[in-house]
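Undergrad: Chain by chain, the residues:
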Amino acid sequence: MELAARYRDEGADELVFYDITASPEGRSVDREWVSRVARVLDIPFCVAGGIRSVADAEEILNAGAEKVSINSPALANPGLIDALSARFGSQCIVVGIDSQLTEQGYRAYQFTGDPDRTRESGREVLSWVREVQDRGAGEIVLNCMGSDGVRRGYDVEQLRSVREICQVPLVASGGAGSAEHFTAVFTQAGVDAALAASVFHSGAIAIRDLKRDLRSAGIEVRP
Amino acid sequence: METVIIDSGGANLASLQFAFERLGARTHVSNDARTITSAARIILPGVGAAANAMQRLRNSGLAALLPSLTQPVLGICLGMQLLFQRSEEGSTDCLGILPETVRRLQPAPGLPVPHMGWNQLNLVRDDPLLEGIAPNDYVYFVHSYAVPVATMTLATADYGIAVSAMVRKGNFWGAQFHPERSAGTGARVLANFLRLE
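Here the protein sequences line up with chains A and B, keeping their order. The number in the working numbering is simply the position in the first sequence, starting from 1, with 24 added. The number in the working numbering is simply the position in the second sequence, starting from 1, with 11 added.
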């Protein structure tokens, strides 16, 4: 809660809340908590975590979220994307993809919130990106697992290849460690937004400083 | 006398109510014709598809009532589009309070559809709803259809082409963006709306 208010005040453009253990634990994100955060936020708010049905999504949206993001449940039941987008409009349906390089190329992974249950879904990332758009996803968050958590920069090359086939907004995730990493992913991969967690939580990067740096690199950002 | 948010069947009513709460204003969500007719101000929100939303308004009898209202009405996002004659989305006849046809945005390189994100306002006309809003202030958009720029346009946003970001005709106002998620600028628009008589 304090973190949500802090990011609001520091100029974050959107807040995404991932309850990453919800899917592996077979539950879904706490509605009451979503509502408490939505009350204090005056910026877009996206919620993810074990949203497996239209009813789940409706409760989360009614609690005050703008968008719901689905990842493992979409891999288990791709028709969920169609159902959600028909009911609520594609603009509030985000599909998250956890991508990792395997011997067969980039594959989408499920249940990444729990290392013991994480598994390869059998789906090739680029074809999954095409499919989720056809099914009505309004936004794609590509989390590059190979670069996630190591703060050595976004996987610009992979993001660029996804960008080429992605007609909906594309959000980069995984690997942010410095302001230069953000500049690089915007200018070289052409993503619409960049997501980061640990560098903001720890205070390693202040949002205001980051926005100043992006602006001086010629990237348009909200003050 | 209070502000009534029309229950248009979309799912963003909570975030709108929370935005008014932050301004210290109580709102009431209703579908009831008498409650709506006696409200001081009315918000017509809307998330989802135009055809569904119009069907709900027809079923509840509000499609006939809304054009006759005389108090300030603010349509937000799809709610603004519904104020117009027609929408290309599902070839739907809308409320016909304002004259244009709502058009689909065309994707272009660097301009994905839906248009989802922060964009700047270009102010076209003075209006009480725009008091305290500066040119180039950022607001948050989420839409795939848009109203062309016309005489009722108060502010525009550029997304490949200029589209109507805010409109007004008489006691009917519209915002294509989401003031409830547009930080300080959005809060100012809602506070201005609460001051309208």
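Hints are not guaranteed to be accurate.
Stated by the list, open to error - The calculated label-pair distances, taken between Cβ atoms and stated as ranges, are: (1) A:Glu204 with B:Arg37: 42 to 52 Å; (2) B:Thr112 with A:Glu181: 40 to 50 Å; (3) B:Pro118 with A:Glu127: 29 to 39 Å; (4) B:Ile172 with A:Asp106: 25 to 35 Å; (5) A:Glu82 with B:Ala173: 27 to 37 Å; (6) A:Pro102 with B:Glu99: 43 to 53 Å; (7) B:Gly101 with A:Ser77: 40 to 50 Å; (8) A:Glu82 with B:Ala62: 18 to 28 Å; (9) B:Arg45 with A:Ser77: 31 to 41 Å; (10) B:Glu32 with A:Arg232: 20 to 30 Å; (11) A:Ala241 with B:Pro146: 16 to 26 Å.
If you're looking for bench data, these hints aren't it; they were derived computationally from the structure. Note that the structure is a prediction, hence the values are computed from the model and not measured. Built from N, CA and C at the ideal position, the CB exists for glycine as well.
Undergrad: Work down the list of hints and note, for each, if the structure agrees.
TA: For each hint, the structure was consulted:
Judged by the Cβ atoms, the range 42 to 52 Å given for glutamate 204 of chain A and arginine 37 of chain B holds: they are separated by roughly 48 Å. Hint check: threonine 112 of chain B to glutamate 181 of chain A, Cβ distance near 43 Å, so the stated range 40 to 50 Å holds. The given range of 29 to 39 Å is respected by proline 118 of chain B and glutamate 127 of chain A, whose C-beta atoms sit roughly 35 Å from each other. Checked against the hint of 25 to 35 Å, the pair isoleucine 172 of chain B and aspartate 106 of chain A passes, with Cβ atoms roughly 30 Å apart.
Against the hinted window of 27 to 37 Å, the Cβ-Cβ separation of glutamate 82 of chain A and alanine 173 of chain B comes to about 35 Å, which satisfies the hint. As the Cβ distance of proline 102 of chain A to glutamate 99 of chain B is approximately 28 Å, the hint placing it in 43 to 53 Å is violated. Here the CB-CB span from glycine 101 of chain B to serine 77 of chain A is close to 25 Å, at odds with the stated 40 to 50 Å. Checked against the hint of 18 to 28 Å, the pair glutamate 82 of chain A and alanine 62 of chain B passes, with Cβ atoms roughly 19 Å apart.
For the pair arginine 45 of chain B and serine 77 of chain A, the supplied restraint of 31 to 41 Å holds, since their beta-carbon distance comes to about 36 Å. In this structure the hint that glutamate 32 of chain B and arginine 232 of chain A lie 20 to 30 Å apart at CB holds, the actual value being about 27 Å. The beta-carbon spacing between alanine 241 of chain A and proline 146 of chain B, approximately 24 Å, falls within the hinted interval of 16 to 26 Å.
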